[in-house]
Amino acid sequence: MRKLLLISAIAMLPAGAFGAESALSWAYPVAPQGLPRPDPNKTFQAKGAPADMKLTAAQINNAFGPPDWFPNEHPVMPSIVKNGREPHVRACMLCHLPNGNGHPESASVSGLTATYITEQMHEFRAGNRMNNRAPVMIEMAKDITEPELKEAAEYFASIPKAEQKWIRVVEGKTAPKNHVGNGGMRFFDEGGGTVAVAPNMIYEVAEDGEAAELRDQHYGFVDYVPEGSIKKGEILATTGGGGKTIQCAVCHGADFKGIGDVPRLAGRGAYYLIRQLNDIKMGTRKGNAVALMKPVVEKLSDEDMVDLVAFMASRQP
Amino acid sequence: MRNWFAASLLILAPLMAAAAEAPPEWAYPAAPAGFQPPPDDGQPKHVAGSTKTFTEKDVNNIHNPPDWFPGEHPPLPDLVAHGKEGVNACAQCHLATGYGHPESANLSGLPADYVEEQLNAFKSGDRRSSLPGRSANMINFAKAMNESDMKQAAAYFSSIKPVVWTKVKEAATVPKTYVGEGNMRFVSTGTQTEAIGKRIIEVPEEEEGAKVRDPHSPFVAYVPVGSIEAGETLATTGGGGKTIQCSVCHGADFKGIGNVPRLAGRSAIYIFRQLNDIQKGTRHGNAVALMQPVVAKLSEDDMIALAAFMASRTP
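The listed protein sequences derive, respectively, from chains A and B. Just so we're aligned, residue -14 is where the first sequence starts under my numbering, counting upward by one. Just so we're aligned, residue 554 is where the second sequence starts under my numbering, counting upward by one.
Extracted from the complex, chain B is given alone in its bound form (with noise of 0.2 Å):
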């Protein structure tokens, strides 16, 4: 009986699955089960303008993590540069800088109250993917932080002066890629090309830079031709009532007004998991509210015209 039930389950399950509509696999990177990262070599690694070294080892410690150019910010509190017990160190994910990894996101200059705000939603379950399990890393990492944990990590992104860490070059074709390590997508090797279709394709400009986390190695977003364009008019005319003007409240060059966040050049597919995910409900809560009368009406299209442009801005 037992069995017969876990059994109808598992028949239900992909139905269920379906049913709440995955979200586009090109947004929510994720490596394919059982993803074996090339054999550690062991050799020492640098990147270009620092005298340190890392192994391999050392990049992937998620409670020290590589800080390639300490004379490049101001001194990392502890927990961004250890974490603690069930907290990663926040520079493992989102680098020294706060720049971050277009699976992650990008800190550098948010306002410190949201930074706080956002990390208790995610402790509260405000705060979910639409890719179930998705936000687990973080909500977990919420749970184990402290008020003081939190203000300390907010107040120091916070001070970091943003630059421009996705470049966005519309395309008709992009290169063939494949998500790796860290849920990262990197360029296949050869040459071989294919459509971009309707996607936001988002890689390291430097695929070495990236895994080893070195903060001077940006990324290229690929988004479709003419998504800038739409995206531009969406953004600043509302689309004759299919959303709102978003300088309103994120400020009109988008950087951002009080404690709402600045848009202009951060991840195009952080962008669009944010816009997807406050449609689908799972990203909710009292400032989230504002945002639902925004994304109503917005189709898979409209979001990736909108997280074009937003992310093509200056910071």
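So that you can see chain A by itself, here it is in the shape it has in the complex (with noise of 0.2 Å):
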């Protein structure tokens, strides 16, 4: 029932909301049906993990217990992070990973203040924070107690700036062809070859696509952005492009690292960053703090956008 209220509340949403009907579809990826079932007896081991650790598909996908390959190189991980509470609250670290950089399909979360994070579960809970991802996190925050919250929001808040470096930007004109996979991320394919980066379009994809799919911490993603989209997009973020938009720096530092709760965007992954930009262009990101970005959004083209995000993703964390 529950469920059921969830998606009949998605499907009224207006059509394109989550980018689905858009040029930015691809920014919203989503696993393809019938992907080949893991061997279930097969295990699987992380680069350098302890010579013991020999983990199956189903472990490392254990929504309640999943690998913590290098329990030395993080601080000390709450439960709510590391286990999460059944059933409803997923370990935070399935997706966002024990150093909170997570995959392209959730959000960096490493490094942003507490209160900001602890922000961001109540919208979800509000219903502030809509797109084809967000049913998951809204049954969490809509289970997740304040203590939990507080702890997790503590521990990935707690992460330091040298771990926060995950995102690798190449700019080109084409690609090494990939597709989309397991988790709804992007591989490279195995075949080689080439594909055109159109202007509008990131390819983001897992530097080793094995060690993405262990939910192995010590590998990051490269976004392939249009060639010319970081000098584009810093101009934009730096003289807000005559009107266009307004000078990012004001609210998030003059190295977009943040100041106070205002978020962080430098280094983060050009795929969550511009699933921001167009969920709140088109009203399915809201609420107060949100409010002063709708004027910075509402005349960024799709292009604009593209460009703002390859020049954030490109900056050092």
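Hints listed in this document are in silico derivations from the structure and should not be mistaken for laboratory results. Heads up, a few of these hints could be off.
[What the hints assert, rightly or not] Pair ranges (Cβ atoms, derived):
id, chain 1, residue 1, chain 2, residue 2, range
1, B, T604, A, T100, 44 to 52 Å
2, B, G686, A, F49, 28 to 36 Å
3, A, K135, B, N614, 39 to 47 Å
4, B, T604, A, G227, 53 to 61 Å
5, A, K127, B, D806, 30 to 38 Å
6, B, D806, A, P23, 52 to 60 Å
7, B, D666, A, P161, 43 to 51 Å
8, A, G227, B, D806, 55 to 63 Å
9, B, G678, A, G19, 37 to 45 Å
We treat Cβ as the ideally placed atom computed from N, Cα and C, and that holds for glycine.
With the hints in hand, could you dock these two chains into one complex?
Following this line, the structure appears as structure tokens:
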């Protein structure tokens, strides 16, 4: 019943709100149906993980106990982050990883302020953050307790700067051929080859496909962005483009690393960033703090947003 | 030895205070030590348009201040009307309508989350005045309030529609004034004037109305000649990198966006105090961090100009 309500709420959102019908649908990737099931007995190991740590796909994808391959590389993890709480609150690290840098379909939450993270969970709960990935977060946000949320928020806020570098940006006319696979992530095609990068397109691909599937926190993502987009994004971000938008630095800081509870943009994944710009423009992400972003996004074209996020993803976090 | 130490502290104290640069007296009005209000004549007081009467004692009752026009606002939450132990009734200084007096703050129509956030900032020490001790009342009240108290009061003041409450007038000379009851500035008796200088002089339009907490009794802010236009230029252009356009966060008409407070039509000396306290670092915190680069390079004249302009705008 609860699920049904969520689904009907989503059905009522304007067409194109999730980019599903728009030129930005690539930023809202969904795993294709009918992917081959992994051999249930096969075990996997992240490179450099303890020798005795070999896990099956079911263990790696266990929402209430996903793998922590490198437990010495992060602060002590609260139980809600590590194991979640059955039945509704999945381990945060399942998708956001122990370092909080996350996968393209979720969000990088590392180094954001605890207040901002808490506020966002409240916004999910209130229905102020909607898109095709949101129902999962909404379900958890409705069930998580305030003390659990505080612990999780403080944990991800404590991830040091050095651990936040996660995205490599490559600008060019073409990108290596890639496809959407498990978890709605993009992987390089085994056969090689290249694909054109249109001016309103970004390919965010796992640096190491197997590592990404193993939820290995040692391998980040590459953003293949259109030729010239970083410079164009920088001009928009720093000048406002002659009234087209507002200089990002005003609220996000001179280095785009955030001010106060305003989140950092520097070095976050292009897919996450463009979904936020588009969701705010479409009105599916709203609320009091987001009201400040309305005049920022309202005149931006898809291509402007691609340029902005290419620039932001390329900055040092 | 101890005496000597105490004596040396006494000698140092004014030096230290001077080093911290006392904020301008006109923006942080305080009645002089030992100020005695005129004796209470015990007579019932009236205000135009209200059938109610209150005595001087009623007017100054911190747990039941006068509500001259109960039909003009939504029902008062108990905390706003009466306060509680350790908390004066909000209406005492902010009035039942939230319009407030220049020494407090105009809360009408502010976002409820913002009001609540400010109470928490008083509580945590993030909101202190650059005049030491000036925020003591609000800090103590905030500490004695629980979350539900804060929410009630915040929701109430947020629901009130702001009115023109500060009339801004540019003037080279102003009436002679003094600071008296309630740390409010009043026009001295007689017709003497003085140069405005680099000051904002904010006084009640009708002294008696302000003294009895009449919510129909607005204020006049005298500001230096040319300050409104200078403030507008700074606010709308950023003054060539001196500050950031206020509209980015406070809205095109400076009426606020989301949880960012309105500036339009608020008390000029209140706005000046906030700019100054943020610049001096006694008002800080996560949301205020955004204001740091805004105020860092402002001179006192700039802050006067900005405050004059904002107060002059329609709320």
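Hints the structure fails to honour: Violated: hints 2, 8 and 9.
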